[in-house]
Amino acid sequence: MAATIKYDEVQVGQEIPAVEYQVRRVNLVMYAGASGDFNPIHWNERHAKSVGLPDVIAHGMFTMAEGGRFVTDWAGDPGAVVDYGVRFSSMVVVPDDDQGATITISGVIEDKLEDKRVVVALNARSGDARVLSKARAVVQLS
Amino acid sequence: MALNRDFVGRTFEASAPYEVSRMKIREFATAIGDDNPIYRDKEAAVAAGHPDVIAPPTFPIVFSLSGAGNGISDPGLGLNYAMVVHGEQRFEYRRPIYAGDELVCTSTITEIRSVGRNEFLTIRSDVTSTTGELVCQAYNTIVERGGAA
Numbered sequence: 001m002a003a004t005i006k007y008d009e010v011q012v013g014q015e016i017p018a019v020e021y022q023v024r025r026v027n028l029v030m031y032a033g034a035s036g037d038f039n040p041i042h043w044n045e046r047h048a049k050s051v052g053l054p055d056v057i058a059h060g061m062f063t064m065a066e067g068g069r070f071v072t073d074w075a076g077d078p079g080a081v082v083d084y085g086v087r088f089s090s091m092v093v094v095p096d097d098d099q100g101a102t103i104t105i106s107g108v109i110e111d112k113l114e115d116k117r118v119v120v121a122l123n124a125r126s127g128d129a130r131v132l133s134k135a136r137a138v139v140q141l142s
Numbered sequence: 001m002a003l004n005r006d007f008v009g010r011t012f013e014a015s016a017p018y019e020v021s022r023m024k025i026r027e028f029a030t031a032i033g034d035d036n037p038i039y040r041d042k043e044a045a046v047a048a049g050h051p052d053v054i055a056p057p058t059f060p061i062v063f064s065l066s067g068a069g070n071g072i073s074d075p076g077l078g079l080n081y082a083m084v085v086h087g088e089q090r091f092e093y094r095r096p097i098y099a100g101d102e103l104v105c106t107s108t109i110t111e112i113r114s115v116g117r118n119e120f121l122t123i124r125s126d127v128t129s130t131t132g133e134l135v136c137q138a139y140n141t142i143v144e145r146g147g148a149a
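Protein chains in written order, with the numbering used here: chain A, 1 to 142; chain B, 1 to 149.
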């Protein structure tokens, strides 16, 4: 396995440009099926509102998966991600329309480790809210 | 109601190994909107140095709590699942997960703590091959809202 990004060409503080990911209701239905998480707060507006939520919200793991996609697309090889962790700090509300919600993810090289590994800190936002905090991936570069 | 601290240290094993299929990886990758050929096309995966298609980094969520589910639904723990939200998640890899892997998952409740009015419960899941090779560890923290009140 080999990342396309070279360790020697990466500097601490270097930014990875933001990418926007659309989330529509259909994406949550697909994610429920693929992941096995059928909690109705992720697809049933009536249920979501009955438990005090503003509307249907995305699975936290869906948002985390988009962060993973951001990192693997940057690194060039999904196998290069050796550690990936997040805290779910706010919810992604997904209205029932053609636009859905937008998750905007950017990154910065936070540290360079031994063995050609780097720490990528992620910033994930939806609307005014920061939806992931303490989001870090350790990536094996070449 | 506070969660039962006696559950800290308890271990739960999935009833059977999880068989990773190319189709399940493809389904998961499609669901997260990721069209990376390394998740779909064996030739592309081999060209990138892998033995077969590999799974996205968050894929273990599909199976890593299958054993722990029995533990956290035990009435003795006192968890009100309707009030649960996902607090934190982490995956630590020794190697990628490949199509064809048969994975054994053992989950341990490592910590229960109160933060304000909420209860935090952390589960570590050790994912190994059927020959005992450690593949990855998943750390899952769930939050029971109002549980500590």
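It is worth saying that the hints were derived from the structure and are not from the lab. The reader is advised that the hints may include incorrect statements.
To give an idea of the chain A side of the interface with chain B (calculated C-beta under 10 Å), a few residues [what the hints assert, rightly or not]:
#, residue
1, P17
2, A18
3, V23
4, Y31
5, D55
6, H59
7, G60
8, A80
9, V82
10, M91
11, P95
12, Q99
We treat Cβ as the ideally placed atom computed from N, Cα and C, and that holds for glycine.
Here is how each hint holds up against the structure:
Of the supplied interface hints, the one on A/P17 is violated, with its beta-carbon coming no nearer than about 18 Å to a beta-carbon of chain B, more than 10 Å. Interface hint at A/A18: violated, since its Cβ lies 16 Å from the closest Cβ of chain B, which is beyond the 10 Å cut-off. Annotation: A/V23 was flagged as interfacial toward chain B, and the flag holds, the nearest CB pair being 9 Å apart, inside 10 Å. Among the interface hints, the one on A/Y31 holds; its C-beta lies about 5 Å from the nearest C-beta in chain B, closer than the 10 Å criterion.
For A/D55, the interface hint is violated, the least distance from its beta-carbon to any beta-carbon of chain B being 16 Å, above 10 Å. This hint holds: A/H59 has a C-beta 8 Å from the nearest C-beta of chain B, less than the 10 Å allowed. Interface hint at A/G60: satisfied, since its Cβ lies 4 Å from the closest Cβ of chain B, which is below the 10 Å cut-off. Of the supplied interface hints, the one on A/A80 holds, with its beta-carbon coming within about 9 Å of a beta-carbon of chain B, less than 10 Å.
Restraint check, A/V82 versus chain B: the minimum CB separation of about 5 Å is within 10 Å; hint holds. Because the beta carbon of A/M91 sits about 8 Å from the nearest beta carbon in chain B, less than 10 Å, this interface hint is met. Given the 10 Å rule on beta carbons, the hint for A/P95 is violated: about 18 Å separates it from the nearest Cβ of chain B. Interface restraint check: A/Q99 against chain B, minimum CB-CB distance 15 Å, threshold 10 Å, status violated.
In summary, the numbered hints that this structure violates are 1, 2, 5, 11, 12.
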